[in-house]
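Asker: Sequence:
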Amino acid sequence: MKTLIIIPTYNEAENLPSLLSGIFAYVPETEVLVVDDNSPDGTGQLVEEMKKQDGRIHIMHRPGKLGLGTAYIAGFKYAIAHKYDAAFEMDADFSHDPQHLPAFLSAINNADLVIGSRYIPGEVCPTGHLFVV
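At position 60 of the sequence shown the residue is numbered 60 (this note's numbering), and the sequence of numbers has no breaks.
None of these hints come from the bench; they were simulated from the model. Glycine included, each C-beta is placed from N, C-alpha and C at the ideal position. Keep in mind that a hint or two might mislead.
Now the in silico label distances, taken between C-beta atoms and shown as ranges [said to hold, decoys possible]: (1) 38 / 111: 17 to 25 Å; (2) 77 / 112: 30 to 38 Å; (3) 38 / 110: 36 to 44 Å; (4) 18 / 103: 16 to 24 Å; (5) 109 / 45: 35 to 43 Å; (6) 18 / 112: 16 to 24 Å.
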């Protein structure tokens, strides 16, 4: 399954190398699109350098701080245009743990939508599952 993880960024140069390493450690077959809002800390330039070393990394440069929601929309449009089978949202600040990605990928094989939430008490849904499918 051709899979894309969309990561909006603004000043995430410090977090991104570790996050991408974690993602690729858990799901090496996936690709990542970083949607950078012209981060003054050099996040976009860092991703450009990382992308030269790893073809699974893609970058979309935006002209300024346009917001999280529009970054995800731009990422989903990219996923559709490039014919990915599945697209996932992930924040760059580690509020979404890469260790859960294999379970998401497994769940999406049997569903149209998979939702995980760090706000669900006890880390499980009322049905007893970590993910709603």
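Asker: So, for every hint listed, does it hold in this structure?
Answerer: Cross-check of the supplied hints:
{"no.": "1", "hint": "38 / 111: 17 to 25 Å", "in the structure": "violated, 36 Å"}
{"no.": "2", "hint": "77 / 112: 30 to 38 Å", "in the structure": "violated, 19 Å"}
{"no.": "3", "hint": "38 / 110: 36 to 44 Å", "in the structure": "holds, 39 Å"}
{"no.": "4", "hint": "18 / 103: 16 to 24 Å", "in the structure": "holds, 21 Å"}
{"no.": "5", "hint": "109 / 45: 35 to 43 Å", "in the structure": "holds, 36 Å"}
{"no.": "6", "hint": "18 / 112: 16 to 24 Å", "in the structure": "violated, 32 Å"}
Going down the numbered hints, you'll see the structure goes against 1, 2, 6, while the others check out.
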